[in-house]
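Engineer: As a plain string of letters, each chain reads:
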Amino acid sequence: MDLQTVLEYEAMVKLDLPESERIWIAEKASMLEDSFSELSKVDTEGIEPLISVLDLNYTLREDIPIKSISREEILSNSPEQCDGYFQVPKTIE
Amino acid sequence: MKKEFFITRYDVKAENSFALDDNIMVKDGLTTGGSKMLHNFVSPLQATVVEKLLDAGMELAGKTKLDEFTAPGIAAETCDILSGAVGAVSEGACKIALCNDVSGKIRRQAPENGLYYIHPTYGTVSRFGLIPTVSSMDQIGIVCKNIDDGFNALGIITGHDEKDVTTFPQKSYAYTPKEGGFKIGIPSNVMELTDEKGRKAIYNFTGKYDTEETELKYFEVFAQVMYILSSAEIGNNTSRYDGVKFGYRTENYTGLNDLYTKTRTEGFGLDMKLLSIMGAHVLSRQNYEAYYLKSMKIRRLIKEHAIDLFSRYDAIALPLKLNDPDPYKNSALYAFATLCGLPSVSVPLGSDGGIQLISQVKNENSLFGICKGGR
Chain A
1 MDLQTVLEYE AMVKLDLPES ERIWIAEKAS MLEDSFSELS KVDTEGIEPL
51 ISVLDLNYTL REDIPIKSIS REEILSNSPE QCDGYFQVPK TIE
Chain B
1001 MKKEFFITRY DVKAENSFAL DDNIMVKDGL TTGGSKMLHN FVSPLQATVV
1051 EKLLDAGMEL AGKTKLDEFT APGIAAETCD ILSGAVGAVS EGACKIALCN
1101 DVSGKIRRQA PENGLYYIHP TYGTVSRFGL IPTVSSMDQI GIVCKNIDDG
1151 FNALGIITGH DEKDVTTFPQ KSYAYTPKEG GFKIGIPSNV MELTDEKGRK
1201 AIYNFTGKYD TEETELKYFE VFAQVMYILS SAEIGNNTSR YDGVKFGYRT
1251 ENYTGLNDLY TKTRTEGFGL DMKLLSIMGA HVLSRQNYEA YYLKSMKIRR
1301 LIKEHAIDLF SRYDAIALPL KLNDPDPYKN SALYAFATLC GLPSVSVPLG
1351 SDGGIQLISQ VKNENSLFGI CKGGR
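First to last, the sequence lines map onto chains A and B.
Heads up, the first sequence is in my numbering, so the first residue is 1 and it goes up one at a time.
Heads up, the second sequence is in my numbering, so the first residue is 1001 and it goes up one at a time.
Just chain B, same shape as in the assembly (with noise of 0.2 Å):
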């Protein structure tokens, strides 16, 4: 059976086309964020970037399921399902997909699927008109079958938007494929969790370029610093889902505190449960200081090291999978970008699988390079 990646579709041809995640807003559209929270809710406004890709000429192909809100998950068999944006690129229906990827689920599976992820520097592409999930991280990126379509589609929704505080003051962004020159990091710390297939997929990549031995330092603690900040910034972000002000709500209470709690309870899954909970945990007075004001603190350490990594690389070359199957563990490989905010790259490579480049801020045309076959 053929499996369906959208929510919405629409008849349009696939060569020009681009498709959302259903967290992206199209003015009076229905935008559910992947949750029975939102199930009929109709966007009162059109986000900026599909304003803008429709200003360019082209056309929406559809919104495409994703987990709810794309929120960090722990649950396996979420982590499992293919997303819908990866899905609906590999099988042509549309040109590219926009989607926010914080766990990094998608980063992984583009490559896996023959695709690449572009994860763009935090704060050169306007979130106006996503639904929030982990504020100080959430990013529109694409998902492409050829990164020339994949860098032309960035440069049109890339820019300052004054409905978006957190944009850059530049106006736009030119992309072009940095020629070459290019010294690539290896963090031995992490090759040493991966497989096989993974140490080959970066050998074989990084062959041809300067390459050196590096360490992606506090790499043992990046999960737990992204769980932490992610379940804070969910907790506080779903606050507004209570059953009043918009989205479900149940059918049956007593009373005021009867239909906030019943809704959230009906309306919420397992993975935004306990993401709630978890943010309830690390913010009470009893754990702020030792997991979250923590956390902030380690988050400016990791900071501090990229901007010394980078001025030694142009790019860190990290792989897509560890040994360990577990997603927790696992999502301390996307944690890097994420956290800095940092451009990055998953790459398809074949039966090699993928990898991820990641760059300094704002330093995607040298990715683009590396992708291009520059050296």
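Looking at chain A on its own, in the form it has when it is part of the complex (with noise of 0.2 Å):
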């Protein structure tokens, strides 16, 4: 992986790292990427994604309201909270 690609990476994840970050994630990614060619050889034709190893029916419980967490509680771990709400910068000028 290139420096160039890990940047447009960056952007997508919101990471902006110091070039001697980059320079690591570059070679690191492009050691992991080397090795994921191994995978080609294996034959997965007909084989459908396993997405969870657990044979489960997910079953809802009943609707019923319960106690949760309070919006105080919730709001006491935000960094900048006003009115009952998170708050953030100003996003449309």
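There's no promise every hint is true.
Stated by the list, open to error - Chain A stretches covered by chain B per the calculated footprint, using a threshold of three residues with CB under 8 Å from any CB of chain B: (1) 13-21; (2) 47-58.
As the list claims (entries may be wrong) - Computed far set for chain A versus chain B, every beta-carbon distance over 10 Å: (3) Asp2; (4) Gln4; (5) Phe36; (6) Asp63; (7) Pro65; (8) Asp83; (9) Gly84.
Think of the hints as simulated: they come from the structure by calculation, not from any bench.
Don't be surprised by glycine CBs; every beta carbon is placed ideally from N, CA and C.
Relying on the hints, combine the two individually framed chains into one complex.
Structural biologist: Put into structure tokens, the structure is as follows:
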């Protein structure tokens, strides 16, 4: 993976890496990608993907209201809040 | 200088106490996930495993240090740091420690430090209150010095939890050592890749059992499948860390996008950044089929192979290390149990180091029996 490609992924996952980290990631990503080529040697023709190892029929609980976490408790972990809401910088000029 | 394995420590007697890795929540307590991103996060809820252990009369000894979100890192310096859970039990600060070992680091380090690690069947232990890392593989396990203590604790924390839809419907599990008649499979293709010490540990331990050489199919792609699926799931699970709802927020920013970007750049460690980028890479339109979908298909092949193996063997024995010290390649040794949701026990063997024993879903009692010396 070249540095330009790392830069494009950084924008996608909301990162802005210092150059030294970008170089380390490009090296590691290239090593990983080289190893991924081994996957093509496994014949998966006609095989369904495995999404969960559990063979469960997920059942929903009864639709009865239960006491959950209060608004105050949730907001207490927020870096900034206002009038009972999370606060973020202005997004519309 | 004495090493400190705890992030938070309480003044309780060690003999009936448990420690938690700091990604398992205790209501109103700090839960950092080992990350700057959650350095100030106060848990609004209590993990089910904590509630069950406290109800059973055990005391909380503290929260132990962990790699950031226990993610499967490949930076060598991270892989060499002793896990807080292993250190805490090893120094006698608590009877057991609970943690989520996705990467295999704790399954390797526990026996190297004279301890067992019990990795239970996926779906038997509630993960309510565990900070998610790799949701399809996360499973709370137990570090213990004494195997009876470990399985006693497992009996307490297992069972259906209506707060965790991925738990089996079974209300409780009884763990008693199966008496004997064990047949153990030894994968020769893995033994070829381990060193003399690893081979000696396996053959010394299994010498008294009915054993057979076998093959662990797809082993050559275990590390790849693990990393691809892990990075995809970690990328999703860590998208919530944005500096808005909880946790760390950067001090200087000029708008919302800048807030997100600076917060995540300053808050995550290097391995998490690599995993996030690899997650985006394997899920991208050009790579989705070749990497992500392919890995999910191979995961099914591995699971089907596991069913076949355990129709012939009570357990498969694997070494703790490969000849090659590369942590990425070594992750293959721990991927079998993690990818298939299988129970495993890492067994300490003194100067021989240790081995891991893996069995079929819900067959912990065979592993318990083998650990107790049953033949």
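Engineer: Please list, smallest to largest, the hint numbers that this structure does not respect.
Structural biologist: Violated: hint 5 alone.
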